[in-house]
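S.K.: Using the sequences and the hints, build the whole thing.
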Amino acid sequence: MTDSTNKPEEVLETSEPKKITLEEAIKRKLAQKKEQQSNNKQNNQHSTSVQAMKHQQTKKSNNQKRRTGV
Numbered sequence: 024m025t026d027s028t029n030k031p032e033e034v035l036e037t038s039e040p041k042k043i044t045l046e047e048a049i050k051r052k053l054a055q056k057k058e059q060q061s062n063n064k065q066n067n068q069h070s071t072s073v074q075a076m077k078h079q080q081t082k083k084s085n086n087q088k089r090r091t092g093v
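Just so you know, we're using this note's numbering here: the sequence shown kicks off at 24 and counts up by one.
Treat the hints with caution; some may be incorrect.
Here are the in silico distance ranges between beta carbons for each label pair [to be verified]:
id, residue 1, residue 2, range
1, T91, I49, 51 to 59 Å
2, N66, K88, 50 to 58 Å
3, K57, K82, 35 to 43 Å
4, Q55, T91, 55 to 63 Å
Straight-line C-alpha distance at most 25 Å; calculated DSS-like pairs for lysine-lysine [unchecked claim]:
id, residue 1, residue 2
5, K50, K64
6, K77, K64
7, K56, K42
8, K82, K64
9, K52, K41
10, K42, K52
11, K57, K41
12, K56, K41
13, K42, K57
If you're looking for bench data, these hints aren't it; they were derived computationally from the structure. Even glycine gets a Cβ: it sits at the ideal position worked out from N, Cα and C.
M.R.: Following this line, the structure appears as structure tokens:
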């Protein structure tokens, strides 16, 4: 019983989420993103599969003259 009465502040802090600034939230999100990218790079380095290149579509010729009969 003495433990719960001695530390009421810690109980309050853990029950409510701590408010953080927008700057801190952005920094945390950026750190998570960098960590995920580094994990993905490490996993992909040992991959030997080759991805097929996508070809560019060729431009269709303009046949307006043929359609209009000029």
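S.K.: Is the Cα-Cα distance between K42 and K57 25 Å or less?
M.R.: holds, 23 Å
S.K.: Given the proposed pairing of K50 with K64, does the C-alpha separation stay at or below 25 Å?
M.R.: holds, 21 Å
S.K.: Do the alpha carbons of K42 and K52 lie within 25 Å of each other, as the hint requires?
M.R.: holds, 15 Å
S.K.: Okay, N66 versus K88 on CB: inside 50 to 58 Å?
M.R.: Given range 50 to 58 Å: holds, Cβ gap about 55 Å.
S.K.: Decide if the proposed pair is consistent with the structure: K56 and K42, CA atoms, cutoff 25 Å inclusive.
M.R.: With a Cα-Cα distance of about 21 Å, the restraint between K56 and K42 holds, given a limit of 25 Å.
S.K.: Hint check: K77 vs K64, CA-CA at most 25 Å. Holds or violated?
M.R.: Holds, at roughly 22 Å.
S.K.: Per the hint of 55 to 63 Å, is the separation of the Cβ atoms of Q55 and T91 within bounds?
M.R.: holds, 59 Å
S.K.: Given the hinted pair K52 and K41, is their alpha-carbon gap at most 25 Å?
M.R.: holds, 16 Å
S.K.: For the hint 51 to 59 Å, verify it against the beta carbon of T91 and that of I49.
M.R.: holds, 57 Å
S.K.: Given the proposed pairing of K82 with K64, does the C-alpha separation stay at or below 25 Å?
M.R.: violated, 36 Å
S.K.: Hint check: K56 vs K41, CA-CA at most 25 Å. Holds or violated?
M.R.: Distance ~22 Å between K56 and K41 Cα, so the pair holds.
S.K.: For the range 35 to 43 Å, tell me whether the beta carbons of K57 and K82 fit it or not.
M.R.: holds, 40 Å
Hint 8 from the earlier list is the only one contradicted by this structure; the remaining hints agree with it.
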